[in-house]
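Since chain F is already given, all that's left is putting chain B on it; use the hints.
If you want the building blocks of each chain, they are given just below.
Protein chains: 2
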Amino acid sequence: MTAPIRLAVVGMGKIAHDQHLPAIAAGKSFELVATVSRHGEAVDGKPFFNNIDELAASDVEVDAVALCTPPQVRRTIAETAIENGWHTFLEKPPGATLAEVVALRDLADEKGVSLFASWHSRYAEAVEPARDWLANRDIRKVTIIWREDVRVWHPGQHWIWEPGGFGVFDPGINALSIATRILPDPFFVETADLDVPSNCAAPIAARIDFRGAKGTPISMDLDFRQEGPQSWDIIVETDAGTLKLAKGGSVLTIDGNEQRQPAEALHGEYPGLYRRFAAIIRAGVSDVDLSPLRLVADAFLRGKHNSVEEFIE
Amino acid sequence: MTAPIRLAVVGMGKIAHDQHLPAIAAGKSFELVATVSRHGEAVDGKPFFNNIDELAASDVEVDAVALCTPPQVRRTIAETAIENGWHTFLEKPPGATLAEVVALRDLADEKGVSLFASWHSRYAEAVEPARDWLANRDIRKVTIIWREDVRVWHPGQHWIWEPGGFGVFDPGINALSIATRILPDPFFVETADLDVPSNCAAPIAARIDFRGAKGTPISMDLDFRQEGPQSWDIIVETDAGTLKLAKGGSVLTIDGNEQRQPAEALHGEYPGLYRRFAAIIRAGVSDVDLSPLRLVADAFLRGKHNSVEEFIE
Chain F
38 MTAPIRLAVV
48 GMGKIAHDQH
58 LPAIAAGKSF
68 ELVATVSRHG
78 EAVDGKPFFN
88 NIDELAASDV
98 EVDAVALCTP
108 PQVRRTIAET
118 AIENGWHTFL
128 EKPPGATLAE
138 VVALRDLADE
148 KGVSLFASWH
158 SRYAEAVEPA
168 RDWLANRDIR
178 KVTIIWREDV
188 RVWHPGQHWI
198 WEPGGFGVFD
208 PGINALSIAT
218 RILPDPFFVE
228 TADLDVPSNC
238 AAPIAARIDF
248 RGAKGTPISM
258 DLDFRQEGPQ
268 SWDIIVETDA
278 GTLKLAKGGS
288 VLTIDGNEQR
298 QPAEALHGEY
308 PGLYRRFAAI
318 IRAGVSDVDL
328 SPLRLVADAF
338 LRGKHNSVEE
348 FIE
Chain B
38 MTAPIRLAVV
48 GMGKIAHDQH
58 LPAIAAGKSF
68 ELVATVSRHG
78 EAVDGKPFFN
88 NIDELAASDV
98 EVDAVALCTP
108 PQVRRTIAET
118 AIENGWHTFL
128 EKPPGATLAE
138 VVALRDLADE
148 KGVSLFASWH
158 SRYAEAVEPA
168 RDWLANRDIR
178 KVTIIWREDV
188 RVWHPGQHWI
198 WEPGGFGVFD
208 PGINALSIAT
218 RILPDPFFVE
228 TADLDVPSNC
238 AAPIAARIDF
248 RGAKGTPISM
258 DLDFRQEGPQ
268 SWDIIVETDA
278 GTLKLAKGGS
288 VLTIDGNEQR
298 QPAEALHGEY
308 PGLYRRFAAI
318 IRAGVSDVDL
328 SPLRLVADAF
338 LRGKHNSVEE
348 FIE
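Just so you know, the protein sequences line up as chains F and B, in that order. This note's numbering puts the last residue of the first sequence at 350; the count rises by one with no breaks. This note's numbering puts the last residue of the second sequence at 350; the count rises by one with no breaks.
Pulled out of the complex, with its shape left as it was, chain F reads as follows:
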């Protein structure tokens, strides 16, 4: 048995508490050795620091870090981590811009550390089965509907409305991380309508039309103002019937018949991410797929902004 990988978690916000700490504790590959957050926060009596430079200057021995801060402040933290020779797990989105993630990947290659641009929704239990089923189908039409209540899922996350926070594309990029994984061909933004509240810098809703490399129409409907039932659905019409991936990638139906997954597949998204992070560290490689972030950037690049009613949380 190999020794666990000594891990520090940086950025002790909602996602660190809700997902990272439980996944780390549940697995055997990582051992939490420290936490870093602006206000300092001890977890299980482990050492804690106010910033990554203090961690680097301490005598805590670290092999890897998981960066859970908002994307806007992540680049320099990741740079410091990689420069220190630490394997680095980036929460999604991996950065506030594409160029910074490309540079981090190059730096990780240079320093011989593993960089992981994580996409948690790809580890939802029905995503790989959906990919397998679609691999040889003729895809006719794709509909992505991702409508959720920002007040429920992102309470107090002001960074999401700032430039680089992406607004409704923060959940929308999860949908794109699944779509880029399950669809057999690449696809491209043709039109994008972005509804931006008059008091925010990022969209609260968006409608995007993509075109697949073989001409397939792909539409995406994102809305952060959804009350009542929430929707995280991808519907793929094919020559062999209609596939529906519902509840963010966890429920698969083909022509209305639910396809139950074997028990061993039911491990949860973040435990899956941490297994993958451990695997790339052992293999000495990085895993940085930029395609979901690239499509979001393309939607902004080619998008039309509409000013809409202000958003008051």
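These aren't lab readings, by the way, just hints derived from the structure by calculation. Certain hints may be false.
Remember, identical chains collapse to one label, so a pair may be satisfied in a single copy or spanning two.
Here are the computed lysine to aspartate or glutamate pairs in the EDC-like style, where the Cα-Cα straight-line distance is at most 16 Å [stated by the list, open to error]:
(1) K148 / D324
(2) K284 / E162
(3) K83 / E98
(4) K178 / E91
(5) K341 / E199
On a predicted model such as this, the values are computed, not experimentally measured, just so you know.
Using the frame of chain F, we list chain B on its own:
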């Protein structure tokens, strides 16, 4: 002596007439064999076609194409060209989105043809000397000022104001193509203010603050409303003095002293592009540097939109 490469030019607008046709005629590497444009237009009695499918169906033998259409319609034309086994020269910007250019590069690799994402400003005569001079300097501050009169330089080019036309980033991407070539380290968008006329989808002016990988501040001031003297300047302050690259990369001064280029360097941007295109075809490789387009996408992704006065050409 090898036979010239048989070339068709697609999209007979301003750039094709002003730059491509003269550069092709002046060089020995290419022979113009056909033109393609929506309304059909004969050049020097050569065969002409209304679209690329008609060219492909004809008996004109073609080795390569230069695509000079607006970026929004270029993807499917480029796909057809590559599928036909034609080496493909993309005017700048290489596409209206990043994902489409990545897919074209993959397709070109698969088909064994050379794809060239051209950046004409990189072939201005003082760009390589500036790169050489900066290679080992400590860069302290960079100022990019690109202010021109859209009515003079882009008359009737309505596509520039449409989504995917990039507005003032159409010239601004030229500045970025130079900056990414001459500066020794990568740089990243930190803030971007985009001024979008109330009747347009793309910005008429923008102010972007970048940060270099080593902390260097880099500012860019883009404006399409400049009357009188026009500015296409990049000023780089270093430990060894101040470099100024003026007139779009054609005039280099160090601490105010103009550095004259040797006569053999004075060949012009488009002749340089066509020499490069011929060289990559002979070498059997592609040349697709996405970094200028990626920075523009990042500026939109991280940008704040301000609605400004409408633009009437």
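We went through each hint and held it up to the structure:
1. For the identical chains of this complex, K148 and D324 are intra-copy neighbours only, at 15 Å inside a copy versus 27 Å across copies, given an alpha-carbon limit of 16 Å.
2. For the identical chains of this complex, K284 and E162 are intra-copy neighbours only, at 11 Å inside a copy versus 57 Å across copies, given an alpha-carbon limit of 16 Å.
3. Taking CA atoms no more than 16 Å apart as the test, K83 paired with E98 passes inside one copy only; the shortest distance there is 12 Å, against 72 Å between copies.
4. Proximity of K178 and E91 under a CA criterion of 16 Å is satisfied in neither setting, with 52 Å inside one chain copy and 29 Å between copies.
5. Taking the shortest alpha-carbon separations for K341 and E199, only the inter-copy value of 9 Å comes in at or below 16 Å, while the best intra-copy value is 18 Å.
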